[in-house]
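Participant: What follows is each chain in one-letter form.
Number of protein chains: 2
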Amino acid sequence: MTFTNAYAAHQPKDQVKPFKIERRTIGKEDVQIDIEYCGVCHTDLHFVNNDWGMTQYPVVPGHEIVGKVSAVGDSVNKFKVGELAAIGCMVNSCGVCSSCTQGMEQYCQSGFVGTYNHPTEDPGGLTFGGYSKRIVADESFILSVPENLDLKGTAPLLCAGITTYSPLKRWNAGPKMKVGIVGLGGLGHMGVKFSNALGAHTVMITSSESKGEDAKKLGADEVILSTDTVSRNKHNGQFDFILNTIPVKHSLDPYFDLLKIDGTMCVVGAPELFNVNAGQLVFGRKTLAGSLIGGIKETQEMLDFCSVNDIVSEVEMLQMEEINIAYERMVKSDVKYRFVIDMNSLN
Amino acid sequence: MTFTNAYAAHQPKDQVKPFKIERRTIGKEDVQIDIEYCGVCHTDLHFVNNDWGMTQYPVVPGHEIVGKVSAVGDSVNKFKVGELAAIGCMVNSCGVCSSCTQGMEQYCQSGFVGTYNHPTEDPGGLTFGGYSKRIVADESFILSVPENLDLKGTAPLLCAGITTYSPLKRWNAGPKMKVGIVGLGGLGHMGVKFSNALGAHTVMITSSESKGEDAKKLGADEVILSTDTVSRNKHNGQFDFILNTIPVKHSLDPYFDLLKIDGTMCVVGAPELFNVNAGQLVFGRKTLAGSLIGGIKETQEMLDFCSVNDIVSEVEMLQMEEINIAYERMVKSDVKYRFVIDMNSLN
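Chains as they are written, first to last, in the numbering used here: chain R, 203 to 549; chain W, 203 to 549.
Honestly, the hints are just simulated from the structure, not real lab data.
Among the clues, some could well be false.
Chain copies aren't distinguished; within one or between two, either way the pair holds.
Said to hold, decoys possible - As a list, the in silico BS3-like pairs of lysine-lysine whose alpha-carbon atoms are at most 25 Å apart:
#: 1; residue 1: Lys462; residue 2: Lys499
#: 2; residue 1: Lys419; residue 2: Lys499
#: 3; residue 1: Lys538; residue 2: Lys436
#: 4; residue 1: Lys280; residue 2: Lys451
#: 5; residue 1: Lys371; residue 2: Lys462
#: 6; residue 1: Lys436; residue 2: Lys378
#: 7; residue 1: Lys282; residue 2: Lys371
#: 8; residue 1: Lys270; residue 2: Lys534
These numbers were taken from a predicted model, which means no experiment stands behind them.
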């Protein structure tokens, strides 16, 4: 008998296979979730391929996790068995540094505990993510999922959602603001939805005409074709904020031109080495920023915002055994806009 | 007879020589200043050498100009003959764009009119700067110099001063803030003085121990030796704001590490192409910014702040004929901290 309660990626050429996990005992403050759906983030693939040189195999990816509470520890008071719950990119942090005490666990000064492939004292010595039947974590890192949200489309909110919501809120996206979203993938399509729901004039900036049309359906008020220099330049100096979700290195120059005086471009897609022309920043007091997911409190706020505004991610559903096909399609940006694994397919 | 009312740089190998200027007629709203002192900015040398490929010869450099009002147009009401007055980097702007109407003429959307080497309808077809006996400009671009300030040390305030004052104010340098100043030259030494006067905990970040000692005399509370990695890293994550005045391309990485979550580094010294590791911005929601001089209203505010806080620039005085020696020393950073030309030496 093969006991298969998780899917583990071992190495690029033999990416995933059934994997037996001895789960941690449910502690007093722990919540166990029976996972229903798990989103597939580009980070999963980076870990599977060890692109960042930090993967420890076996890795069980997945940090866009939704399901139902199946057990709670004695001291848990926020969750009851049977309720919908979710886990994002973090399952713990120091709790005492100035970032944590301000609700910014994502910037924990000791480093937050990642949902997968992070050293832990739990069985296996590593955290194991959402490509799995079940997950146990401290209740303070568990999110409550509003009942009215479609659960499949909720999974990607836990990473793609909060990664775009947090910077839009931080830089005050709202009425009378002109906000550009660069790139229309898992992150970008959530950026369009959130920016629109926050009341900003939302502009999709893309190299693809068809993506421009798609973005309009998602809520973009306007589209700029980034490859049409003449047309693009007419929009120079008009943007308060640009959310750049492109996942690979690229030239930032045209986007800086689009910013107003005192405008900000925030990069969320690519922690790469960029060439930045400081002159473009100097002549306009512009800023380049970065932003990482969001804190737990803000993630809950985002889920509640989604509930009120009827927002979920656009997803394509997968069976567990289709994961390698999904990875191949992701590399070609061939997904609208996020793959989500039906964890009932893991047997 | 040689009429020599200005010093013009023609080309690098024959940099400066006497030059006759037919001055513009004093219009209704014009003020004429008899120049007493003119600071020497690195930009002057860039223009003289045509480093930026935009110099139109003959160029009369100089945009740190102080002197006495010697004539005023009929409609001028802010200035009287005999009063102390100053001109910085700008002598005009469109006056109607959103930047100008918000008092940010330095970001005029039509481009401000530079004090020198800028096309104009005045005689000569170019603006001519402060290496000169006299200058005429619209009163709205003339600053009033408080009587208690040492006039020689006031000249550099018009560029080096406002260039550092403006970003320190923009990013709220003040009590309970930890502010780093990188580089101790014409800009950096003003940054130290202003940050200290604004009440921020001011830290000089320098590669030179002796500059560290000098910075303490100028008002720095603390010094970090940037070359001592072990010691420097102890300060990581502590800075609210870093003002980077280094005038050449360099690695920004160590300075990003020094910033707190949500911290900002502002580059004012080098409009160069930098390599920016976006990961450093993402993991800490940090920002890289630029800033250019300051608006006219803010420049006057800065001069008044200097009057109240008894701040002027530290200067070395020059005769006009020593300008090439000064340029050579500037290239070697051999000046504490700004050369100022005594314009009485131009005959």
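Participant: Confirm or reject each hint.
Facilitator: Consistency of the hints with the structure:
no.: 1; hint: Lys462 <-> Lys499; verdict: between (31 Å within a copy, 21 Å between copies)
no.: 2; hint: Lys419 <-> Lys499; verdict: neither (30 Å within a copy, 46 Å between copies)
no.: 3; hint: Lys538 <-> Lys436; verdict: neither (30 Å within a copy, 45 Å between copies)
no.: 4; hint: Lys280 <-> Lys451; verdict: neither (42 Å within a copy, 53 Å between copies)
no.: 5; hint: Lys371 <-> Lys462; verdict: both (18 Å within a copy, 20 Å between copies)
no.: 6; hint: Lys436 <-> Lys378; verdict: within (19 Å within a copy, 43 Å between copies)
no.: 7; hint: Lys282 <-> Lys371; verdict: neither (31 Å within a copy, 51 Å between copies)
no.: 8; hint: Lys270 <-> Lys534; verdict: neither (33 Å within a copy, 68 Å between copies)
The structure does not agree with the numbered hints 2, 3, 4, 7 and 8 stated previously, though it agrees with the rest.
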